[in-house]
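Q: Chain by chain, the residues:
There are 2 protein chains.
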Amino acid sequence: MASNGFRPLDEKSLVEYIKATPSLSSKLGNNLEGLQIKEVGDGNLNFVFIVIGPSGSVVIKQALPYIRCIGESWPMTKERAYFEASTLKEHGHLCPDHVPEVYHFDRTMCLIGMRYIEPPHIILRKGLIAGIEYPFLAEHISEYMARTLFYTSLLYRSTTEHKRAVAEYCGNVELCRLTEQVVFSDPYKVSQYNHWTSPYLDSDAEAVRTDNILKLEVAGLKSMFCERAQALVHGDLHTGSVMVTHDSTQVIDPEFGFYGPMGFDVGAFLGNLILAYFAQDGHADQGNDRKVYKEWILKTIVETWNLFHKKFIVLWDEHRDGSGEAYLPDIYNNPELQLLVKQKYMKDLFHDTLGFGAAKMIRRIVGVAHVEDFEAITDAAKRADCERQALSFAKMLLKERRKFEAITDVISSIQHLHS
Amino acid sequence: MASNGFRPLDEKSLVEYIKATPSLSSKLGNNLEGLQIKEVGDGNLNFVFIVIGPSGSVVIKQALPYIRCIGESWPMTKERAYFEASTLKEHGHLCPDHVPEVYHFDRTMCLIGMRYIEPPHIILRKGLIAGIEYPFLAEHISEYMARTLFYTSLLYRSTTEHKRAVAEYCGNVELCRLTEQVVFSDPYKVSQYNHWTSPYLDSDAEAVRTDNILKLEVAGLKSMFCERAQALVHGDLHTGSVMVTHDSTQVIDPEFGFYGPMGFDVGAFLGNLILAYFAQDGHADQGNDRKVYKEWILKTIVETWNLFHKKFIVLWDEHRDGSGEAYLPDIYNNPELQLLVKQKYMKDLFHDTLGFGAAKMIRRIVGVAHVEDFEAITDAAKRADCERQALSFAKMLLKERRKFEAITDVISSIQHLHS
Ligand SMILES: Nc1ncnc2c1ncn2[C@@H]1O[C@H](COP(=O)(O)OP(=O)(O)O)[C@@H](O)[C@H]1O
Ligand SMILES: Nc1ncnc2c1ncn2[C@@H]1O[C@H](COP(=O)(O)OP(=O)(O)O)[C@@H](O)[C@H]1O
Ligand SMILES: [Mg+2]
Ligand SMILES: [Mg+2]
Ligand SMILES: [Mg+2]
Ligand SMILES: [Mg+2]
Ligand SMILES: [Mg+2]
Numbered sequence: 001m002a003s004n005g006f007r008p009l010d011e012k013s014l015v016e017y018i019k020a021t022p023s024l025s026s027k028l029g030n031n032l033e034g035l036q037i038k039e040v041g042d043g044n045l046n047f048v049f050i051v052i053g054p055s056g057s058v059v060i061k062q063a064l065p066y067i068r069c070i071g072e073s074w075p076m077t078k079e080r081a082y083f084e085a086s087t088l089k090e091h092g093h094l095c096p097d098h099v100p101e102v103y104h105f106d107r108t109m110c111l112i113g114m115r116y117i118e119p120p121h122i123i124l125r126k127g128l129i130a131g132i133e134y135p136f137l138a139e140h141i142s143e144y145m146a147r148t149l150f151y152t153s154l155l156y157r158s159t160t161e162h163k164r165a166v167a168e169y170c171g172n173v174e175l176c177r178l179t180e181q182v183v184f185s186d187p188y189k190v191s192q193y194n195h196w197t198s199p200y201l202d203s204d205a206e207a208v209r210t211d212n213i214l215k216l217e218v219a220g221l222k223s224m225f226c227e228r229a230q231a232l233v234h235g236d237l238h239t240g241s242v243m244v245t246h247d248s249t250q251v252i253d254p255e256f257g258f259y260g261p262m263g264f265d266v267g268a269f270l271g272n273l274i275l276a277y278f279a280q281d282g283h284a285d286q287g288n289d290r291k292v293y294k295e296w297i298l299k300t301i302v303e304t305w306n307l308f309h310k311k312f313i314v315l316w317d318e319h320r321d322g323s324g325e326a327y328l329p330d331i332y333n334n335p336e337l338q339l340l341v342k343q344k345y346m347k348d349l350f351h352d353t354l355g356f357g358a359a360k361m362i363r364r365i366v367g368v369a370h371v372e373d374f375e376a377i378t379d380a381a382k383r384a385d386c387e388r389q390a391l392s393f394a395k396m397l398l399k400e401r402r403k404f405e406a407i408t409d410v411i412s413s414i415q416h417l418h419s
Numbered sequence: 001m002a003s004n005g006f007r008p009l010d011e012k013s014l015v016e017y018i019k020a021t022p023s024l025s026s027k028l029g030n031n032l033e034g035l036q037i038k039e040v041g042d043g044n045l046n047f048v049f050i051v052i053g054p055s056g057s058v059v060i061k062q063a064l065p066y067i068r069c070i071g072e073s074w075p076m077t078k079e080r081a082y083f084e085a086s087t088l089k090e091h092g093h094l095c096p097d098h099v100p101e102v103y104h105f106d107r108t109m110c111l112i113g114m115r116y117i118e119p120p121h122i123i124l125r126k127g128l129i130a131g132i133e134y135p136f137l138a139e140h141i142s143e144y145m146a147r148t149l150f151y152t153s154l155l156y157r158s159t160t161e162h163k164r165a166v167a168e169y170c171g172n173v174e175l176c177r178l179t180e181q182v183v184f185s186d187p188y189k190v191s192q193y194n195h196w197t198s199p200y201l202d203s204d205a206e207a208v209r210t211d212n213i214l215k216l217e218v219a220g221l222k223s224m225f226c227e228r229a230q231a232l233v234h235g236d237l238h239t240g241s242v243m244v245t246h247d248s249t250q251v252i253d254p255e256f257g258f259y260g261p262m263g264f265d266v267g268a269f270l271g272n273l274i275l276a277y278f279a280q281d282g283h284a285d286q287g288n289d290r291k292v293y294k295e296w297i298l299k300t301i302v303e304t305w306n307l308f309h310k311k312f313i314v315l316w317d318e319h320r321d322g323s324g325e326a327y328l329p330d331i332y333n334n335p336e337l338q339l340l341v342k343q344k345y346m347k348d349l350f351h352d353t354l355g356f357g358a359a360k361m362i363r364r365i366v367g368v369a370h371v372e373d374f375e376a377i378t379d380a381a382k383r384a385d386c387e388r389q390a391l392s393f394a395k396m397l398l399k400e401r402r403k404f405e406a407i408t409d410v411i412s413s414i415q416h417l418h419s
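Protein chains in written order, with full-length UniProt numbering: chain B, 1 to 419; chain V, 1 to 419.
Next up, chain B with everything else stripped away, as it sits in the complex (with noise of 0.2 Å):
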């Protein structure tokens, strides 16, 4: 497998390695006796190592020329982790606070070492799972989403910066056709690759695919996701790319960011998080009957677009005269003026992220790549009750998402279906 020096790693191997690059062993301490290394990658297509020496810690990611969960059946660009270190700098440095820090990057080893987000940090999909509130959760992951695609926009930056920025992730293109395929294509067409909750959700499934209005409305989302380069978005913000702790939030996994519409990212989130309330009631049982856990993850979507929404709003009024050139504040130059270009622009960027989050809904119930929130319900036919639920709300969502004005209304409308 050995190519142009690339060559996959595995614990043993991983070791010379650190001994190797100094950027790595001065994180441990110089201290490379006894490393305990741990392969975690839970994820979907890459490897992950911990590694915990006697004084200090790492975390490697690999990335190899397949996609992990399929196999090498399924080819994939190992490019991929070039573009994943560069969004963790570059949203790392617009808001360290929720990125994970990068100590190294070695492009022909397609090889990442960044800080070991360490317990008892969890994957925030297995917390809502398991039932845990998160108190600043909202506030955090607002803020990291406020800061990075702001700050990436061109609210922020100029025209030249921005052209050079697009023209770099252009290069990113096989995991934005990842994407494509997956959330934009697969689930509404028959594909080898797509399932469900058989035999209770083959009608549904079948229903995706011969909904005519709901293809219409994807193929816009689909044109805005390959075409309009709005902000560097982190491209794969689910539920299962963050990290937490009860006062702590960390984004990781930016491996699909490119210039992309905002709404994709912040959909992306919103979505995952009402997938998680959907599931609520497959993990209900006598000891707790999740009612109150799902009202806490409604009041964490509604908080966490409102913290987004006034944070951002914040950043714009901060930079009004500043370097970015979407609204020059010679001509934008009276309140009343620019109450109503944020208006605008905040209506359609909520109107994006919900076609966007509902895309990522739908895709994640008859599609490949399905969530653990639902796949950890053992008793198929509830599950299949939840993923209905879930799946008949977010295809409404798609199709009327711009009947809907504030995301309280987007949350009565999830209590209304099942009152």
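Note that the list lumps identical chains together, so a pair holds whenever it fits in one copy or between two copies.
Taking lysine to any residue and the SDA-like style, the derived pairs with C-alpha atoms no more than 20 Å apart in a straight line are: (1) Lys189 <-> Leu340; (2) Lys299 <-> His309; (3) Lys189 <-> Ser323; (4) Lys342 <-> Asp211; (5) Lys342 <-> Asn212; (6) Lys299 <-> Ser248; (7) Lys189 <-> Ser158; (8) Lys403 <-> Ser392; (9) Lys189 <-> Val341; (10) Lys342 <-> Lys399; (11) Lys347 <-> Asn212; (12) Lys38 <-> Ile122; (13) Lys189 <-> Leu339; (14) Lys395 <-> Arg209; (15) Lys395 <-> Leu340; (16) Lys347 <-> Lys399; (17) Lys399 <-> Val341.
Just so you know, these hints were derived from the structure itself, not from any lab.
With chain B's structure known, arrange chain V with the ligands on it following the hints.
A: Chain V with the ligands alone, transformed into the frame defined by chain B:
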């Protein structure tokens, strides 16, 4: 001025250059005796030499590192010649009947050798001022726009090809920035470069600068221009970039070429026809009241859009099962849905066209670069009347464009202005 091998040529040094360049001298039949060389650049940016010898002819266009009509005080990358040559070749490949052949390109010298578009070809704008009808104009220009825009969009291209090309043309950022400034910004603020028929239009120009709704709408168009890579657009498709005879139509000067919204090209052309229409009253005299000619312009506007629409849809149908990745045939798999997506696509494109067309009209009346259509009206009061009508129509069109359903509605609205 020489730097890295670049030197501006004049009539004399050009002969030496041609002698040393086989791809050019061969076009002159290798017969360089008594060459006639004339610099004819009536354009705003570059130097254009017509070279005629006893056995052939060629046009040489050279970009200098500033904007010709302003002078060295407004620097502008001479690299624009590279993007002009690239776009000429790409568009020429897609539509050879309406784009001059490129014989030679010298990146160091920022110099393009191309087919001499011989007399009786004249610049379309001059023909419109002279009141000449071009019976094939709508047919030809709609063919050019449909083919160049369709084939460089995701309706024909894979996202792999698309992203590669988008990245390449991100390099033409300086020319994009010029458009951002002179089309989307300067007319809406006080700028040293703006001018208008003063004092007649003083309050009209001010009204543009204080119209909140207009500025809100212009912001949306500017964002689309900066962010949306829909197709390889010409980028400067006004009636001064088209050379015509009774039965030939040739599109020149795509130095602003980049991946942008299709409506920017279609709108530029239609907007400039509308300007030509509003200028006619200023060219009317006892011998010719221009009434019939005005009807011909309106008819040409209608036919251009309708033929463009028709040809674009024909191409789409032809390549429905082809390489384009926007609408996969397995998803968009029934006639009703295929109709729906086309209607939506063309409706959006129509509204973009009206918006960009209107913006291009406005900037020609109160911005830096005016059009000969109006400038040739020597009576300032009369000129101001024509311009005011055009301006007020354009403002309405920009703000109300989404209310128009067909191009004939636009024409009715023009006709009602002074009926
Ligand atoms: N910096 C880190 N610190 C701790 N654990 C991590 C870190 N990065 C990844 N992980 C663990 O590895 C898993 C897979 O990582 P991820 O970046 O999501 O890979 P993939 O691209 O394959 O989805 C995560 O779910 C998490 O459990
Ligand atoms: N290929 C050509 N054949 C004949 N005349 C041409 C040709 N290209 C340009 N010209 C003449 O030169 C003028 C300026 O050319 P253009 O490409 O529009 O330059 P600019 O970029 O400066 O606007 C045109 O208006 C036209 O009269
Ligand atoms: Mg992951
Ligand atoms: Mg990943
Ligand atoms: Mg020109
Ligand atoms: Mg010109
Ligand atoms: Mg030009």
